[in-house]
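Asks: The task is simple: from the sequences and hints, build the whole structure.
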Amino acid sequence: MIAPQLRVTAVSKAFGGVLAVDQVSFDLEAGKVNSIIGPNGAGKTTLLNLLTGVYAPSAGNVVFEGADVTGLAPHLLAARGMARTFQNLQIFFNMSALENVMVGRHLRERAGWFAALLRSRRLTAGERESRDEAAELMRFVGLGDYLGAEADAMPYGALKRLEIARALGGRPKLLLLDEPAAGLNQTETQAINALIVRLADSGVTVVLVEHNMRLVMGVSDHIVVLDYGRKLCEGTAERVRNDPKVIEAYLGSAELAQC
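Under our numbering, the first residue of the sequence shown carries the number 1, and numbering increases by one thereafter.
Rather than coming from a laboratory, the hints here were simulated on the basis of the structure.
Pair by pair, the computed Cβ-Cβ distance ranges are:
| id | residue 1 | residue 2 | range |
| --- | --- | --- | --- |
| 1 | ALA3 | LEU147 | 38 to 44 Å |
| 2 | LEU76 | GLY203 | 21 to 27 Å |
| 3 | TYR156 | GLY66 | 36 to 42 Å |
| 4 | ALA30 | ASN185 | 30 to 36 Å |
Please read all numbers here as calculations on a predicted model, not as lab measurements. Virtual Cβ for every residue (Gly too), placed ideally from N, Cα, C.
Replies: What follows is the structure, given as structure tokens:
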């Protein structure tokens, strides 16, 4: 039996005595697309924050590739191969699109501040490599037409993919996406769908928090459903789509029929 890449065991988080996440457990396989769904207030983003070190769990543990990473700071998790995007855009609008993606490489940059002051040959080579890789990542996410663009001149849908490109700059093994299709039109959502498939095909494990059920059901290998902070159900899209508890608590039979 293949060991899970990520194992979440009885993870809980309380805020002022209220359990936002209540003893949630699941395993995720490497190279798969995994979705976490549930109604507003179900604890999805809180769980994502627990997995990525924004919050420390009140109880339970998180194991990534065999190592206990419970409560590790985000930069330490990033160094181990985890990256994420956020619900609200975290774009540097005073930078170009390419420079935004280059920021994502900072964990792997070898030239330090002293070398930067000296403008060493090593830094120059590193900058060139960083720029070339950033351009390749922009092409990978479908932004080849924006290589020379300023971030503040890009449309919203392109900025969503720019954030994903920047997250990929750290060469993550596990990428967590918080509502990447929020606010997008149908064409832009289809582009996100295709990108998620490319990510999984390239070997990156994806964790998707998303309200767009058509996207979730179409792209996910594995789905975890939360309700009031507790795991309600997990499994394939087909299993989740037909689970009576899920239909009653969240999706609704009419919405499911359209997925």
